[in-house]
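Q: Chain residues, written in single-letter form:
Number of protein chains: 4
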Amino acid sequence: MKIPVLVINFKSYMESIGKRAIEISKIAEKVSEDTGITIVVAPTFVDIVKVKENVSIPVFAQHADPINPGAFTGRVNIENLKDWGIDGIIINHSEYQLKISEIDFLIKMARSKNMETITCTNNIDVTKAIAELAPEYIAIEPPELIGGEISVSRARPEVIENSVKMVENINKNIRVLCGAGVKNSEDVKRAMELGSKGILVASGVVKAKNTEAAIRDLVKGMGE
Amino acid sequence: MKIPVLVINFKSYMESIGKRAIEISKIAEKVSEDTGITIVVAPTFVDIVKVKENVSIPVFAQHADPINPGAFTGRVNIENLKDWGIDGIIINHSEYQLKISEIDFLIKMARSKNMETITCTNNIDVTKAIAELAPEYIAIEPPELIGGEISVSRARPEVIENSVKMVENINKNIRVLCGAGVKNSEDVKRAMELGSKGILVASGVVKAKNTEAAIRDLVKGMGE
Amino acid sequence: MKIPVLVINFKSYMESIGKRAIEISKIAEKVSEDTGITIVVAPTFVDIVKVKENVSIPVFAQHADPINPGAFTGRVNIENLKDWGIDGIIINHSEYQLKISEIDFLIKMARSKNMETITCTNNIDVTKAIAELAPEYIAIEPPELIGGEISVSRARPEVIENSVKMVENINKNIRVLCGAGVKNSEDVKRAMELGSKGILVASGVVKAKNTEAAIRDLVKGMGE
Amino acid sequence: MKIPVLVINFKSYMESIGKRAIEISKIAEKVSEDTGITIVVAPTFVDIVKVKENVSIPVFAQHADPINPGAFTGRVNIENLKDWGIDGIIINHSEYQLKISEIDFLIKMARSKNMETITCTNNIDVTKAIAELAPEYIAIEPPELIGGEISVSRARPEVIENSVKMVENINKNIRVLCGAGVKNSEDVKRAMELGSKGILVASGVVKAKNTEAAIRDLVKGMGE
Numbered sequence: 001m002k003i004p005v006l007v008i009n010f011k012s013y014m015e016s017i018g019k020r021a022i023e024i025s026k027i028a029e030k031v032s033e034d035t036g037i038t039i040v041v042a043p044t045f046v047d048i049v050k051v052k053e054n055v056s057i058p059v060f061a062q063h064a065d066p067i068n069p070g071a072f073t074g075r076v077n078i079e080n081l082k083d084w085g086i087d088g089i090i091i092n093h094s095e096y097q098l099k100i101s102e103i104d105f106l107i108k109m110a111r112s113k114n115m116e117t118i119t120c121t122n123n124i125d126v127t128k129a130i131a132e133l134a135p136e137y138i139a140i141e142p143p144e145l146i147g148g149e150i151s152v153s154r155a156r157p158e159v160i161e162n163s164v165k166m167v168e169n170i171n172k173n174i175r176v177l178c179g180a181g182v183k184n185s186e187d188v189k190r191a192m193e194l195g196s197k198g199i200l201v202a203s204g205v206v207k208a209k210n211t212e213a214a215i216r217d218l219v220k221g222m223g224e
Numbered sequence: 001m002k003i004p005v006l007v008i009n010f011k012s013y014m015e016s017i018g019k020r021a022i023e024i025s026k027i028a029e030k031v032s033e034d035t036g037i038t039i040v041v042a043p044t045f046v047d048i049v050k051v052k053e054n055v056s057i058p059v060f061a062q063h064a065d066p067i068n069p070g071a072f073t074g075r076v077n078i079e080n081l082k083d084w085g086i087d088g089i090i091i092n093h094s095e096y097q098l099k100i101s102e103i104d105f106l107i108k109m110a111r112s113k114n115m116e117t118i119t120c121t122n123n124i125d126v127t128k129a130i131a132e133l134a135p136e137y138i139a140i141e142p143p144e145l146i147g148g149e150i151s152v153s154r155a156r157p158e159v160i161e162n163s164v165k166m167v168e169n170i171n172k173n174i175r176v177l178c179g180a181g182v183k184n185s186e187d188v189k190r191a192m193e194l195g196s197k198g199i200l201v202a203s204g205v206v207k208a209k210n211t212e213a214a215i216r217d218l219v220k221g222m223g224e
Numbered sequence: 001m002k003i004p005v006l007v008i009n010f011k012s013y014m015e016s017i018g019k020r021a022i023e024i025s026k027i028a029e030k031v032s033e034d035t036g037i038t039i040v041v042a043p044t045f046v047d048i049v050k051v052k053e054n055v056s057i058p059v060f061a062q063h064a065d066p067i068n069p070g071a072f073t074g075r076v077n078i079e080n081l082k083d084w085g086i087d088g089i090i091i092n093h094s095e096y097q098l099k100i101s102e103i104d105f106l107i108k109m110a111r112s113k114n115m116e117t118i119t120c121t122n123n124i125d126v127t128k129a130i131a132e133l134a135p136e137y138i139a140i141e142p143p144e145l146i147g148g149e150i151s152v153s154r155a156r157p158e159v160i161e162n163s164v165k166m167v168e169n170i171n172k173n174i175r176v177l178c179g180a181g182v183k184n185s186e187d188v189k190r191a192m193e194l195g196s197k198g199i200l201v202a203s204g205v206v207k208a209k210n211t212e213a214a215i216r217d218l219v220k221g222m223g224e
Numbered sequence: 001m002k003i004p005v006l007v008i009n010f011k012s013y014m015e016s017i018g019k020r021a022i023e024i025s026k027i028a029e030k031v032s033e034d035t036g037i038t039i040v041v042a043p044t045f046v047d048i049v050k051v052k053e054n055v056s057i058p059v060f061a062q063h064a065d066p067i068n069p070g071a072f073t074g075r076v077n078i079e080n081l082k083d084w085g086i087d088g089i090i091i092n093h094s095e096y097q098l099k100i101s102e103i104d105f106l107i108k109m110a111r112s113k114n115m116e117t118i119t120c121t122n123n124i125d126v127t128k129a130i131a132e133l134a135p136e137y138i139a140i141e142p143p144e145l146i147g148g149e150i151s152v153s154r155a156r157p158e159v160i161e162n163s164v165k166m167v168e169n170i171n172k173n174i175r176v177l178c179g180a181g182v183k184n185s186e187d188v189k190r191a192m193e194l195g196s197k198g199i200l201v202a203s204g205v206v207k208a209k210n211t212e213a214a215i216r217d218l219v220k221g222m223g224e
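Protein chains in written order, with my numbering: chain A, 1 to 224; chain B, 1 to 224; chain C, 1 to 224; chain D, 1 to 224.
No lab work stands behind these hints: they were computed from the structure. Among these hints, one or two may not hold up.
[Unchecked claim] Reference listing, derived: stretches of chain B covered by chain A, where coverage requires no fewer than 3 residues with Cβ under 8 angstroms from a Cβ of chain A:
hint, region
1, 1-15
2, 45-51
3, 67-76
4, 89-97
We put the CB at the ideal spot given by N, CA and C, even for glycine.
Only chain A is shown next, with the shape it has when bound in the complex (with noise of 0.2 angstroms):
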């Protein structure tokens, strides 16, 4: 993909599920369209084919099991997502972490299935340890930055800075993101002169009161 990205993680919020998922999909691809800036969608296991369906923007699975196909009841593996043309997958979130080996795992499967990975770290020792693993992307999201009022671009710029240069010794393929403390123009542009290859977003689009707005005014922040 084209960088810089803006990732909108969907969440399970009553906001961003079911019919609604389509329809912030459908303005992310309008904006897409008109900026040129690459933007990606993560809607809910549920709502993903639906959203594959109705745009043509890149669409990630917000998690995959790390299984192989077979007995399992309830989980979803990558071939399932393949199945149906998804483009990638983010890999332990925050609130979805997992075992290094299934990380691993993930990773792997992911690539041999043509499928890129974004995978999240909590702070800068993880993000070297996940570099190891030579994901497509790596998004930030320091825990005390989660959710809050606080840009991380301002706040702990260093976080940022220092983890694209350790990255950047690891693996120069590895294109890192920041993925919280960004809430407007202003946070975006200041984390792409950090060094950030693009943002990972969620509550700051699927919450917002006008979805379009909210948007435009983060890919401002990319330079568009």
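Chain A is already provided as a structure; the job is to place chains B, C and D on it using the hints.
A: Frame of chain A, contents of chains B, C and D only:
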């Protein structure tokens, strides 16, 4: 739903995910229409909306996460399933067991949305415990019979017989299903004689060489 | 054990781990000897053998893993607790909830070793479900009262009263304990009047400035 | 600790819990004194304090929960182990795998208490990831060799050899242990030649008919 019922759990087998989930569901629908027997299909979260769009028989989820809508990444709440008209939920399958407080939450939440639940249990005592939570269906899966060649109705008929009696004493509205050790119409017939109101199967149908023949054979045991 | 009982869950507070676990236990033993009221202490796995060596009041574990002895690293089976004479086990505490099949396994395994279990529940329906599994004690902890300032016997007396009735209908041998919202002798007295046969406390004793005074106050409510 | 090291994971086998944990530990201590080779014992949480009281060789826990002291029932924090002088902790064993953020937490917490950690890994990539978190020891347990009859140093010598090289590139202070597929002194000798600084064993010692002979045989391979 009219009893008896045949519930087909697709799990996440290679043979039952993606577009193949729709194909199996259409076959199940056809047999149901031909015979008048209620057949429920339970595809993965990813396939479930496409299956629902393509058939008119009841479609159940294999699981739901015990949460309200909100900031949960990678999870599926009941509201999200209701959005697409999903009819019910399998809860506490032996491959995805839950805490007792979570089972209680899910049964109540499903009922409030007019969705039915099939709660799985592993022995008579657990069956009695779950009966106190009043799900619409309880499917008994003695662990020693899961995936094996032994028939529950022949090897351990007392498990079904006693469970049916015990559940009746606690709550007459709950229907007991036989959830393991059912391979053919003879097994089904015997399970019905022992008091069960239907069966829950998986690989017997999903991995059958001839899906339609496998379904027809099971339905035959229901006195169609 | 002679009722009523006061069960002190040490959790893993800084104030109750290591040698302090022995000190608190000795104070509890002294009060028990002075008053004749049964007091149970529940220290961490690490502290439990040293506590058992130092006091003669009943010592319970805060949890046990639902496994037989075998190739399990980092786990504690019931046999291992029995080896050192531990008297019983708290099961399914709100901070360590278990699958229903695991609760059933643990209650049966403990009974086969002549160890008693206190199974925790979060509401009346779950209490009824657990009553079918026949633990010696059920401790009700309504989640909205845990760790708070509200007294269960004043704010929600019907939870205790109805639970006691419901449990009695299912199994007369089970004793109901009040597991949250008990702060002082008045609360204890009220809980007893409502039919509970004891209480389960933690921070109220462990974090008290004067441990002995805190224990004596609670015991006073038991009509010592 | 002086290398090489022999680490004996007691797991929770019938043969190694309760007072038998003390007996095995005393045998290990005797062999260590006779040969000068460092031997570490890792009993269950329940047995660990009694073992520590009875031997002067290093005693490690098989696990620790990634929490600070507080309101956690049934959990064991590092502070609680430190209280009794426990020397170190096995982390992320294949039978008790952890989230990556939890491994990071535990390594840092243990270091702050002057306790060493042995972090287990399942392949070379995960080994590299864990090396970035700087535990004192990494024990490699390729899943296909655990509990089997195949020797890692013969069947897959490159796993050890490459892991040692990779870890050295990332952090020269980390010592690599061979954690599976070691049955006798020949295997141990070969593992040392391939660069490992010790081994982690379990059933080979715990379930041996003659514990002392089994330990002496392994130690012999370390060039005692």
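Q: Against each hint, give a clear statement of whether it holds in the structure.
A: Verification of the hints:
1. 1-15: holds (count 5)
2. 45-51: Held - the region 45-51 of chain B has 6 residues with a Cβ nearer than 8 angstroms to chain A, which meets the minimum of three.
3. 67-76: holds (count 9)
4. 89-97: holds (count 5)
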